[in-house]
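> Residue numbers (my numbering), protein chains in the order written: chain L, 1 to 295; chain X, 296 to 575; chain V, 576 to 814.
Note that these hints are calculated values from the structure, not bench results. Watch out, some of these pointers could steer you wrong.
Examples of chain V residues lying across from chain X (beta carbon under 10 Å, computed) [unchecked claim]:
{"#": "1", "residue": "ARG647"}
{"#": "2", "residue": "GLN656"}
{"#": "3", "residue": "GLN657"}
{"#": "4", "residue": "ARG679"}
{"#": "5", "residue": "PRO683"}
{"#": "6", "residue": "LEU742"}
{"#": "7", "residue": "ASP743"}
Here are the simulated DSSO-like cross-link-like pairs (lysine-lysine), alpha carbons at most 27 Å apart as the crow flies [stated by the list, open to error]:
{"#": "8", "chain 1": "L", "residue 1": "LYS28", "chain 2": "V", "residue 2": "LYS586"}
{"#": "9", "chain 1": "V", "residue 1": "LYS760", "chain 2": "V", "residue 2": "LYS745"}
{"#": "10", "chain 1": "V", "residue 1": "LYS804", "chain 2": "V", "residue 2": "LYS760"}
{"#": "11", "chain 1": "L", "residue 1": "LYS278", "chain 2": "X", "residue 2": "LYS573"}
{"#": "12", "chain 1": "L", "residue 1": "LYS108", "chain 2": "X", "residue 2": "LYS394"}
We put the beta carbon where it would ideally sit given N, CA and C, even for glycine.
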Amino acid sequence: MARFFFNGRSGSRRRSFRSPTEDSAALKLTLSAIAIAFVGVFLLLPLLVVFTEAFAEGWDHVWTTITDPDSLAAIKLSLTAAAIAVPLNTVFGISAAWAIAKFDFPGKTFLVTLIDLPFSVSPVVAGLIYVLVFGMQGWLGPTLAGYDIRVLFALPGIVLATIFVTFPFVARELIPLMVDQGRDEEEAAVSLGANGFQTFLRVTLPNIKWGLLYGILLCNARALGEFGAVSVLSGHIRGETNTMPLHVQLLYDNYDYVGAFAIAAILAMLALLTLAVKSFLEWRYADELAASHRH
Amino acid sequence: MSAPGLSLIARPRSVLPGFRLSMGFTLFYLASLVLIPLMALVLRPFELSFEDLWTAVTATRTLGALRLSFGTALAAALIDSVFGLIIAWVLVRYRFFGKGLLDALIDLPFALPTAVAGIALSTLYAPNGWIGAVFMEYGIRIAYTPWGVLVAMTFIALPFTVRTIQPVMAELRGDAEEAAATLGATRFQILSRVVLPALLPAILTGIALAFARAAGEYGSIIFIAGNLPNISEIAPLLIVIKLEQYDYAGAAAIGVMMLLASFIMLLALNALQSWASKRR
Amino acid sequence: MSLVIDAITKKYGRFPALNGAGFTAPDGAFVALLGPSGSGKTTLLRILGGLEAPDSGTVRFADLNWLDMPARERRAGFVFQQYALFRHMTVAKNIAFGLEVRPRSERPARADIARRVEELLELVQLQDLGKRYPSQLSGGQRQRVALARALAIEPRMLLLDEPFGALDAKVRKELREWLRHIHDKAGVTSVFVTHDQEEAFAMADLVAVMNKGRIEQVGTPADVRREPKTAFVSDFLSN
Chain L
1 MARFFFNGRS
11 GSRRRSFRSP
21 TEDSAALKLT
31 LSAIAIAFVG
41 VFLLLPLLVV
51 FTEAFAEGWD
61 HVWTTITDPD
71 SLAAIKLSLT
81 AAAIAVPLNT
91 VFGISAAWAI
101 AKFDFPGKTF
111 LVTLIDLPFS
121 VSPVVAGLIY
131 VLVFGMQGWL
141 GPTLAGYDIR
151 VLFALPGIVL
161 ATIFVTFPFV
171 ARELIPLMVD
181 QGRDEEEAAV
191 SLGANGFQTF
201 LRVTLPNIKW
211 GLLYGILLCN
221 ARALGEFGAV
231 SVLSGHIRGE
241 TNTMPLHVQL
251 LYDNYDYVGA
261 FAIAAILAML
271 ALLTLAVKSF
281 LEWRYADELA
291 ASHRH
Chain X
296 MSAPGLSLIA
306 RPRSVLPGFR
316 LSMGFTLFYL
326 ASLVLIPLMA
336 LVLRPFELSF
346 EDLWTAVTAT
356 RTLGALRLSF
366 GTALAAALID
376 SVFGLIIAWV
386 LVRYRFFGKG
396 LLDALIDLPF
406 ALPTAVAGIA
416 LSTLYAPNGW
426 IGAVFMEYGI
436 RIAYTPWGVL
446 VAMTFIALPF
456 TVRTIQPVMA
466 ELRGDAEEAA
476 ATLGATRFQI
486 LSRVVLPALL
496 PAILTGIALA
506 FARAAGEYGS
516 IIFIAGNLPN
526 ISEIAPLLIV
536 IKLEQYDYAG
546 AAAIGVMMLL
556 ASFIMLLALN
566 ALQSWASKRR
Chain V
576 MSLVIDAITK
586 KYGRFPALNG
596 AGFTAPDGAF
606 VALLGPSGSG
616 KTTLLRILGG
626 LEAPDSGTVR
636 FADLNWLDMP
646 ARERRAGFVF
656 QQYALFRHMT
666 VAKNIAFGLE
676 VRPRSERPAR
686 ADIARRVEEL
696 LELVQLQDLG
706 KRYPSQLSGG
716 QRQRVALARA
726 LAIEPRMLLL
736 DEPFGALDAK
746 VRKELREWLR
756 HIHDKAGVTS
766 VFVTHDQEEA
776 FAMADLVAVM
786 NKGRIEQVGT
796 PADVRREPKT
806 AFVSDFLSN
């Protein structure tokens with residue numbers, strides 16, 4: 001690759017020479033302009049709008065909105081849901097990756113496809129399936145109601161929705177990574193007398209830690225931001241079952257635009273932080289992350 | 296599926312421990328949280344008679360919503376494939392100031408909560424918004440029309456095309472392009488006959504992923520769409536509306552249609568992948 | 576009609592890849608560029624093919640000011656080390672590529688292209704494999720497809736970068752004689768890069784020994800062997 005890039009800088013005597021793998025200056029300029037314009041209009045402008053609208057009436061209004069009890073309750077609920085869903089999906093991701101990467105069994109590809117399934121299901125459909133299971137007309141709803149357990153329009157429903165939409169994040173980061181790394185090191189550890197737990201903690205985990213962190217990061221971002229699935233299951237009870245994104249909707253629908261954008265700005269900051277850490281991990285630990293980074 | 300079923304699976308011969316534990320937990324977690332609830336969805340519509348089911352799915356409003364969701368998602372995926380291809384090319388092949396920032400920004404739709412994207416896009420494209428005002432001068436309304444749906448879907452699905460094409464592009468070997476040049480091809484011929492065909496599987500995969508994401512999208516769309524039945528009402532929203540009316544079977548009927556589309560997409564993706572690996 | 580390469584220099588950043596390299600070869604000669612890795616032989620070959628531009632120096636070939644022509648106009652058939660076959664095209668399509676990308680006025684008729692492809696497949700002894708994809712071929716077969724593809728454009732010059740580098744010893748030996756045979760039949764001036772002196776001496780009319788971006792010695796295999804002109808050449812040959 002180096003050869004292609006050095007061309008332009010070697011101060012070639014023949015100004016007219018252009019490597020066959022290089023685009024003309026005009027094409028470069030055109031394509032770069034299109035790319036930057038598209039990203040600018042479609043991605044950057046919406047981000048700018050969030051912050052300009054949030055601070056349209058100054059800091060005070062933002063502060064009042066954020067410290068409002070209903071907002072604080074929403075922030076707390078979002079953090080609680082993520083704090084339950086993310087660790088569970090992390091344990092699942094590690095366990096699935098261990099089984100898939102370290103052992104051979106029939107139907108492996110099918111299992112991987114099933115794990116990816118929640119990504120191709122609409123978040124609203126994800127909410128819907130739990131309504132069908134836990135609703136009063138659902139399979140388990142009446143039974144659970146008999147024991148006074150509420151799933152719908154309560155924390156368990158919100159957690160279930162969050163788990164479903166963030167289900168594959170850790171697993172799909174770890175599976176290709178651990179398959180790549182093979183099983184030699186673990187086999188060596190076992191032959192030296194380590195038990196399963198020691199092998200995982202001392203051999204496997206150090207090899208996958210950055211990939212694991214990457215998966216958790218993405219899982220967490222999605223967990224805090226999920227809207228569709230949670231919306232179906234939450235019941236939108238102000239101060240009780242409203243997560244941050246739902247609170248944004250509630251404020252927006254009540255024409256409190258500055259308030260909506262104030263909460264939105266917090267979420268946008270979190271998103272930017274996620275992107276920054278993600279970019280850092282990709283740059284610093286490129287070799288230790290899985291080769292394929294698809295969402 | 297869990298503990299008793301596992302004993303049917305022969306333990307693979309390996310010195311490593313933990314197969315039954317990890318496999319058992321994986322299957323239990325997957326089945327109880329994903330597969331069984333999805334089954335509840337698939338079985339639910341059959342509680343209706345086939346006639347009622349047919350009526351539920353073919354109702355004008357349902358058909359309109361499905362057509363809008365799938366049709367617009369396809370349009371958005373195609374738009375994103377063109378611009379995704381250009382963006383990926385610029386990121387992989389060119390060097391310029393701020394490229395790292397551009398690269399990081401691509402994932403914004405993925406990291407930004409959809410509700411935030413929804414209100415931001417809605418404000419931006421409203422008749423008095425920064426972009427909406429420009430279009431209003433030409434008499435074009437974007438927010439609260441199907442165009443708004445297209446904008447939101449294009450926004451949300453962009454990372455899927457860029458991030459699918461980008462790694463494949465980065466792995467293209469320059470020597471095929473050089474070979475084409477020594478054989479007399481112009482730069483345009485090199486791009487259209489050598490580079491583009493080599494990227495085709497990745498482009499198609501990107502389109503499929505973008506389509507699936509856009510068709511199922513809810514949060515970023517409902518704020519900007521205006522949600523007029525038969526005009527700018529998307530299928531996921533209709534599910535929510537039917538649920539609010541306690542029409543569970545009706546909601547499930549639309550849900551099954553969407554799930555069916557997801558399955559077809561998954562099959563198409565698998566077929567694409569085996570086709571692409573054959574050409575390697 | 577001879578190939579005259581004179582005082583070529585080329586730097587990558589601060590690293591001088593070529594440092595005044597030059598030699599002359601008669602028309603139709605089969606020239607081996609022999610040298611250790613990093614001696615600049617591949618860079619020189621890429622300059623001849625139009626894939627790189629030198630910082631200074633000249634190349635005259637067949638009364639053409641060779642370096643002022645872009646790669647696509649030189650008609651220099653280039654065989655890449657890793658073959659660089661187009662993976663999404665069949666073998667036949669690969670070979671036909673150079674003819675199909677010609678401007679309409681110069682492009683042969685479809686039937687003529689097909690006939691030419693058949694001839695070339697026969698020449699490289701792959702008659703029945705036209706419909707296969709490169710991934711379905713062995714290394715030696717791919718090598719022959721790459722050569723057929725380069726020959727399809729009726730090249731003015733044939734350039735081969737370590738043509739046997741990726742093949743095992745037995746296949747190498749077979750292909751050597753065969754390649755020499757093809758060269759004699761086509762009659763074009765050919766330059767091939769190798770680090771294997773046995774290969775160079777067995778095949779070439781003229782061997783150019785390279786070191787640190789310069790040509791240490793040019794001569795027939797017999798001359799170079801009998802009278803190494805520099806300490807480097809005698810050292811390199813005694814290895």
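> So, for every hint listed, does it hold in this structure?
Against the structure, the hints come out as follows:
A cut of 10 Å between beta carbons decides the hint on ARG647 (chain V): the least distance to chain X is about 5 Å, and the hint holds. Because the closest C-beta pair between GLN656 (chain V) and chain X is about 8 Å apart, less than 10 Å, the hint holds. At about 6 Å, the closest approach between the beta carbon of GLN657 (chain V) and any beta carbon in chain X falls short of 10 Å, and the interface hint on this residue holds. The closest approach between the C-beta of ARG679 (chain V) and any C-beta of chain X is roughly 13 Å, which is over the 10 Å cut-off, so the hint fails.
Taking 10 Å as the C-beta contact cut-off toward chain X, the hint placing PRO683 (chain V) at the interface is violated, the least distance being around 13 Å. For the restraint placing LEU742 (chain V) at the interface with chain X, the shortest Cβ-Cβ distance is roughly 17 Å, beyond the 10 Å limit, so the hint is violated. Checking ASP743 (chain V) against chain X: minimum C-beta separation of about 22 Å lies over 10 Å; hint violated. Under the criterion of a C-alpha separation no larger than 27 Å, the hint pairing LYS28 (chain L) with LYS586 (chain V) is consistent with the structure, at around 25 Å.
A C-alpha spacing of about 24 Å is found between LYS760 (chain V) and LYS745 (chain V), which places the hinted pair at or below 27 Å, so the restraint holds. Proximity of LYS804 (chain V) to LYS760 (chain V) is assessed by CA-CA distance (about 33 Å); at most 27 Å being required, the pair is judged violated. Of the pairs offered as hints, the one joining LYS278 (chain L) and LYS573 (chain X) is violated, with about 33 Å between alpha carbons and a cut-off of 27 Å exceeded. With a C-alpha separation of about 39 Å, the suggested pair LYS108 (chain L) and LYS394 (chain X) falls outside the 27 Å cut-off, and the hint is violated.
Hint violations for this structure: numbers 4, 5, 6, 7, 10, 11 and 12, all remaining hints satisfied.
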